[in-house]
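Trainee: Sequence:
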Amino acid sequence: YHIIKDWLTITDEIKPNPKLHQLYNRMYRIYRELYPALKKYYKELAQIN
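Under the working numbering, think of the first position of the sequence shown as 1, with each following residue one higher.
Hint data in this document are derived by calculation from the structure and do not stem from the laboratory.
Using 25 Å as the maximum straight-line C-alpha spacing, the simulated SDA-like pairs for lysine to any residue come out as follows:
hint, residue 1, residue 2
1, K43, R32
2, K15, M27
3, K40, R26
4, K39, Y28
5, K43, R29
6, K40, I30
7, K39, Y24
8, K39, N25
9, K19, R29
10, K15, N25
11, K40, M27
12, K39, R26
13, K43, E33
14, K5, P16
Kindly produce the complete structure, drawing on both the sequences and the hints.
Mentor: Take a look at the structure:
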């Protein structure tokens with residue numbers, strides 16, 4: 001994977017805010033529950049030009 005360093009330049013590094021850990025977990029749980037119901041729509045949206 002060392003060749004990838006020649007292709008990319010890191011300009012900014014974004015790290016999660018530890019104080020928001022609980023919020024991130026709650027939002028991710030909701031996303032995981034919604035995803036199966038929305039999966040087919042994501043595929044349809046991806047096909048729109």
